[in-house]
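Build the full structure now, drawing on both the sequences and the hints.
Chains as they are written, first to last, in the working numbering: chain A, 1 to 199; chain B, 200 to 398.
These aren't lab readings, by the way, just hints derived from the structure by calculation. Glycine is no exception: its CB is placed at the ideal position from the N, C-alpha and C atoms. Heads up, a few of these hints could be off.
Unchecked claim - These stretches of chain A come out as covered by chain B in the derived footprint (C-beta under 8 Å, 3 or more residues):
(1) 38-45
(2) 64-71
(3) 122-130
What the hints assert, rightly or not - Straight-line C-alpha distance at most 20 Å; calculated DMTMM-like pairs for lysine to aspartate or glutamate:
(4) Lys397/B - Glu321/B
(5) Lys27/A - Glu321/B
(6) Lys378/B - Glu122/A
(7) Lys378/B - Glu130/A
(8) Lys179/A - Asp352/B
(9) Lys198/A - Asp153/A
(10) Lys207/B - Glu239/B
(11) Lys179/A - Glu354/B
(12) Lys27/A - Asp316/B
(13) Lys179/A - Glu329/B
2 protein chains.
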Amino acid sequence: MRKVDPEKHAARRQVIVDAAIACFARKGFHGTSTAEICAEAGMSPGNLFHYFPTKHAIITAIVEEERQETAEFFRELHESPDLFAALLGFMDVVLGLAADPVYSSLALEIAAEAMRDEHIGELVAANDAELRAALSALIKAASGRGQIDAAIDPEAGARWIAAIIDGIFGRIAVDPGFKPDQERPMMHLLLTRFLCPKP
Amino acid sequence: MRKVDPEKHAARRQVIVDAAIACFARKGFHGTSTAEICAEAGMSPGNLFHYFPTKHAIITAIVEEERQETAEFFRELHESPDLFAALLGFMDVVLGLAADPVYSSLALEIAAEAMRDEHIGELVAANDAELRAALSALIKAASGRGQIDAAIDPEAGARWIAAIIDGIFGRIAVDPGFKPDQERPMMHLLLTRFLCPKP
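In structure tokens:
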């Protein structure tokens, strides 16, 4: 029996995930066939099946990848000297992702799919809970250092920041005049006034 | 030929729309058959077809009804002596709608459908543009009276309030801990600090 090289296996898996993301962003989950993902990845259906038995398994992998990337980002964030500036930096990254047509299409596809598919819905809710926990911990730590207003309850503050993140992607869906790369000053004003008002 | 009584016609139409809303909230647009809408409305398929040739036409009517109700609400809002208080009142109504399981399910269904169906997408985008125009006019008028900070550009401010509204419904979709009726104080704090900071 051939041995599986884990690095090679992970690399092939990533090729498929990236190909699927490109297809999903263009035509949606339901509009994309596994044959199209194979073509985009330059792989035979049998080969693809070896890595992902279903299209659903690929979507699951995408949501899991998103979770890991967010967790990694927040681990690094906590090392910043100014935690409010770090939060603004995170929100700038969110705006940047919203400005990326592939990422934002995919995010909106995942949100819609989460309403239709119970398993994807659970994964997305778990990711959201993890994001809120990370935001809440950041607010709490920033509050302790006087970098965020102590009157903001960390959990409630995290909820409303998560709402603002959802809202940014909501804008992409319905408002062609919303240009994320031009919205940074207004977002900074909103968050600064909300979280650290002048005494 | 029988004459059509316009009032009776409108009332029958409304019965169908209300029945459809109840079905859509329970099972989604795609999970609901016209037969189920007929059963809920207590009407024969032939009779339903007379008012709405397709399920799509019913969804269109729901989005149009939403548009009219929002427009009516804002017409009355402008007569308030305190326009910032009026804006907070509107946002309280939004939170109330988010707390209503039928309304919030329907709103999320419509948002998902807007991504799949071009015509529904256009209608939703037009409603959103109208809402933003109303919010922008309200901010401008409030700013003129010193009830909202003049540093807030009305159009940009309206955009971010619309994002917050989207975000509230986003919370309903993914965060079971988000209880709209308990979130009012935090929402008021957020909007008050954003739009009318203390000098």
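A quick look at each hint next to the structure:
no.	hint	verdict
1	38-45	violated (count 0)
2	64-71	violated (count 0)
3	122-130	holds (count 4)
4	Lys397/B - Glu321/B	violated, 40 Å
5	Lys27/A - Glu321/B	holds, 18 Å
6	Lys378/B - Glu122/A	holds, 19 Å
7	Lys378/B - Glu130/A	holds, 18 Å
8	Lys179/A - Asp352/B	holds, 15 Å
9	Lys198/A - Asp153/A	holds, 18 Å
10	Lys207/B - Glu239/B	holds, 19 Å
11	Lys179/A - Glu354/B	holds, 13 Å
12	Lys27/A - Asp316/B	holds, 12 Å
13	Lys179/A - Glu329/B	holds, 18 Å
When the structure is compared with the earlier hints, violations turn up for hints 1, 2 and 4 and for no others.
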